[in-house]
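Residue numbers (our numbering), protein chains in the order written: chain A, 1 to 184; chain B, 185 to 368; chain C, 369 to 783; chain D, 784 to 1198.
If you're looking for bench data, these hints aren't it; they were derived computationally from the structure.
Be aware that a few hints might be false.
[Stated by the list, open to error] Some chain B residues near chain C, calculated using beta-carbon distances under 8 Å:
#	residue
1	G248
2	L249
3	T278
4	T286
5	S309
6	C324
Remember, it's a predicted structure, so these values are computed and weren't measured experimentally.
For every residue, glycine included, the Cβ atom is placed at its ideal position computed from N, Cα and C.
Below are the chains, spelled out letter by letter.
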Amino acid sequence: MTDARRWIDRWMERGARQLARRTSRRSLLARAGAIMVGGMTLPLLPVARAATDDGRVPPPSDDGLPTANGDPTQCSYWRHCAIDGFLCSCCGGTQAACPPGTEMSPVTWIGTCRHPGDGRDYIISYNDCCGASLCMRCKCTRTEGERPVYHTSKNNDLLWCFGTKSRAVHCSVAVVIGVATKPT
Amino acid sequence: MTDARRWIDRWMERGARQLARRTSRRSLLARAGAIMVGGMTLPLLPVARAATDDGRVPPPSDDGLPTANGDPTQCSYWRHCAIDGFLCSCCGGTQAACPPGTEMSPVTWIGTCRHPGDGRDYIISYNDCCGASLCMRCKCTRTEGERPVYHTSKNNDLLWCFGTKSRAVHCSVAVVIGVATKPT
Amino acid sequence: MPRAAIIAAAIALAAAISVAPARAEPEPETVGAVVTLPESPAPHWFWQSDTLLKRTALFDGDSGRMLGTINSGSAGVGFVIFPVFSPDHREIYIAESYYSRGVRGDRTDVVTVYDGRSLAPLAEIGIPPRRAEYFPGNAASALSDDGRFMAVFNLTPLTSLSIVDVKSRTFTAEVPTPGCSLVFAAGPRRFFMLCANGAALTVSLDEAGGAPKVERTAPFFKPIEDPITEKAVRRGNEWLFVSFAGVIHPVDVSGPQLAFGEPWPLLDDADRQGNWRVGGLQHLAVHSASGRLYVLMHQGGPDTHKDPGTEVWVYDLANHRRLQQLSVVNPLVSFIALQSAIDPSTTSGSLSRWALEKSLPNPGVERIVVTQDANPVLLAGSSMPPSITVHDAMTGEMLREISEPGLAGTLMFTP
Amino acid sequence: MPRAAIIAAAIALAAAISVAPARAEPEPETVGAVVTLPESPAPHWFWQSDTLLKRTALFDGDSGRMLGTINSGSAGVGFVIFPVFSPDHREIYIAESYYSRGVRGDRTDVVTVYDGRSLAPLAEIGIPPRRAEYFPGNAASALSDDGRFMAVFNLTPLTSLSIVDVKSRTFTAEVPTPGCSLVFAAGPRRFFMLCANGAALTVSLDEAGGAPKVERTAPFFKPIEDPITEKAVRRGNEWLFVSFAGVIHPVDVSGPQLAFGEPWPLLDDADRQGNWRVGGLQHLAVHSASGRLYVLMHQGGPDTHKDPGTEVWVYDLANHRRLQQLSVVNPLVSFIALQSAIDPSTTSGSLSRWALEKSLPNPGVERIVVTQDANPVLLAGSSMPPSITVHDAMTGEMLREISEPGLAGTLMFTP
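Could you put together the complete structure from these sequences and hints?
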């Protein structure tokens, strides 16, 4: 329980950091952050401060991985451990980029997935690509660590097209935004 | 050829009569009639005059017909010989009535189908039910006597939702509006 | 379903509906006839919403016929299609979202009032364009117990409720609900929501649907250790929630304060040994009169809370005892059999049906619902492939299958 | 398609697109990256419109990947999704229809200009809300040969053309076209249509896209005896129409007047004995350079002009001789094999594939299109089940299958 708490805590901080850095919608995010906290018993670092720190890490190489967890068009791809949606790799995008004509949502849900190559846990930002109707290719629903709608930051039922011109969701990417260090 | 001509001629007249009688949209129909004529080498009775005559006949009884051509939810139902769309009998309507929440188009395409019971040819008015999205049940495409779009009155590719509040098509009915008497 | 049944149903319906042509002595037909539904719903009617067809469709569980549809939302928005029904069955209220250009342009959110018999729109009430969009959309809207106020759940990701007076056709208030989501009816002037810390939030209104009073309860479930799902069912004044681990959390809404009943487990050690878990998109159903609770179950690992169910377990709410374990019909078999018109009443038909059952693995179903009459039916639905099977809710016996129920069924509702 | 191919394609694409992450030496990824298409289309790119998904989607025939989509129309209107492509590939123009409330409300018709690389809308040009709605929508729009004027076919059921200047982004005229329908490009300032009496109607414009001159030709086909379909293809200045009875009617648009070439038959007595007929929703394709005409054929009775085709017959336009008879891949087999991930490269895979071929009747395909490069591919598509197979257009050999191409494919286009 305590451990789990700390995990959530850590993910949410990192999530918030990344989001803050990646977007100009500070106010929206500040409120989003606040709201997430609203229902949680733990504090979230002020977005302003978080935004100054840089935790970017390169994604691990997928070379040599078997198709099952090394192919971004597969639901079983390692980054997809908590994804729910259509894989952008099948929709004209990649595992980290949206298809043409869509816009990536700056707000997101966060998961952590273990890379089968180096065995490390990576923090994955599952962003929706917005502005087109459902891609309808490579539907993938995985719920490891996923939580109900009231636990907003860990929920993948939600259409995460927030702060985008359109709320229409097309597909989802899985961007590596950090490494999850084991609790000490 | 000449025969065929006369057939078309007869169907179109009857069609126009029925349509005229069934709708208040005289002007629309007058123009529609005119337009159909525009491309044909044969005259169409003035809608006003046609409207005064009454050629309504009761539909033949389907009692005792085998399921294949006696069941209005079947594509093979005898009235469906030139239908293209979703059968309203499967969408909350009947072979002659629209489902709740939809509106029957006064303008229509006309076909002629033989009743397997009495062996007579009946003139069928294929009206679309409009104001809802595709029913997506009991899709039926039959093209006996059907002609391309430029032959408007004999075409079933067209969404026949004209003169209705919405042009959205939901399903199609097959209303008996007359008997086709053999050419003498 | 055997054709005979359809025709019988057609005749049955013909009696019920206003404009049906008499089949025995045909009389001239007129262009323009439109079917109107009877005053009150038949006992086994149910609705199924469809995200792709952007509609909710009414079916008759007895005939298997589709009786009508209501369209809601445009291609890009309005995922959540959650009809709520006036107690007198005269009206249906649906919160809808539209873009001026399908997936883009100006967004408009409204509550549309539909006539219960003609299914035609009667009125449109504007609400803030902040409706929550999530799949499949359980607990997205709620109607106050007296049928006057409708609450619509907003998430931007800030959460709030939009309150609409459906009688006066007016939007009365937007209530900020920090950290709390979803919406459940809890009396004539009260709703409640679930919060991320395991508490509930009650929202109380005055007679005009304004002056909202917002109160937070103490946590009643453990959101990290064993979260409850939002896929709850209501029996009288009691809401029943189930947790990932299969523990029922009752919430009584009769008093001035919400009362949280003693949680009780659906699973014993043997069940847990067998990795049985609650799963699916609509995994609880209740028959109020008999006090039977239906739960969609599957075998799977932790965090498989959305996996389709292969069995429906039935419990007696009086003593929490499990009464039955019903296995669901393979939706793949049902789909293929109906599409290829395999008639189980013939020898060859029953044979090929048997062959399909043997050869195709059962992917399970995603949703269940139960009607509230004295002889209730249990409806089990799957989206991929599209399938709905109708069962005797007491014995579990399959009564019929509904062909072509839609393309992407999301939630089922009883009027 | 073997996964290896997909990955190869992914890498190939990665090279082509601006923001693809380098796979060999990964560097930190950023949130917000969006793929942009290359300057000009690859030789085997093609689009497929989808009536249910309300979109047209771009596919790469070499990799089988979907490269992007453009949404058009709302649930109730805008059946016809007919993209036209600027000669320089910079822009895509689509006539679209919308209702303010999905299937009801105020209707708006527009021509939307999309960027060829970002697929994002650049401009919107209002047109009269009278677009023809028909299925699948062949010859619904046309772009003048110099890429400046777009004509949109209207039917209310009065017929007319809406003319749009896509360069100045203005609607210039609506031209009444009594008794004539559909629209085909016929020069820099001219379009033509087909009339119910077997004639053609030419519509000529001035430099500003106005002052339309409308002229009716003499009948060139027999609309009652043997009507031609609107599913024509163009090779240079010649349009090729085919009649229900399989007679090709060439129409030359190079001169001041349309010139009608000598009709010639696709079928000999033996073919007619065998009841071979032209059918399907997009049943002609032509490869201009080689002068090969592809025709979708099936065996059926009279008036089966929409029946799917089980064979593609290839003709040499130079001498009207039939070069090949290619049988199409069973779309049902293709669909099931891809959905159940049957890998034909394995023994068991090829075995089950063979079993499927043997056990499932071939419903045929509805549409074909051919690319215009030196090594063209033939694309064969079916809606139910959704399937697209890619073939060598010279040998007919199947190169690959495209999984999940959509829900209701209507027409295919080459940019």
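ask   = For which of the previously enumerated hints does the structure constitute a violation, in increasing order of number?
value = When the structure is compared with the hints, numbers 1, 2 and 6 turn out to be violated.
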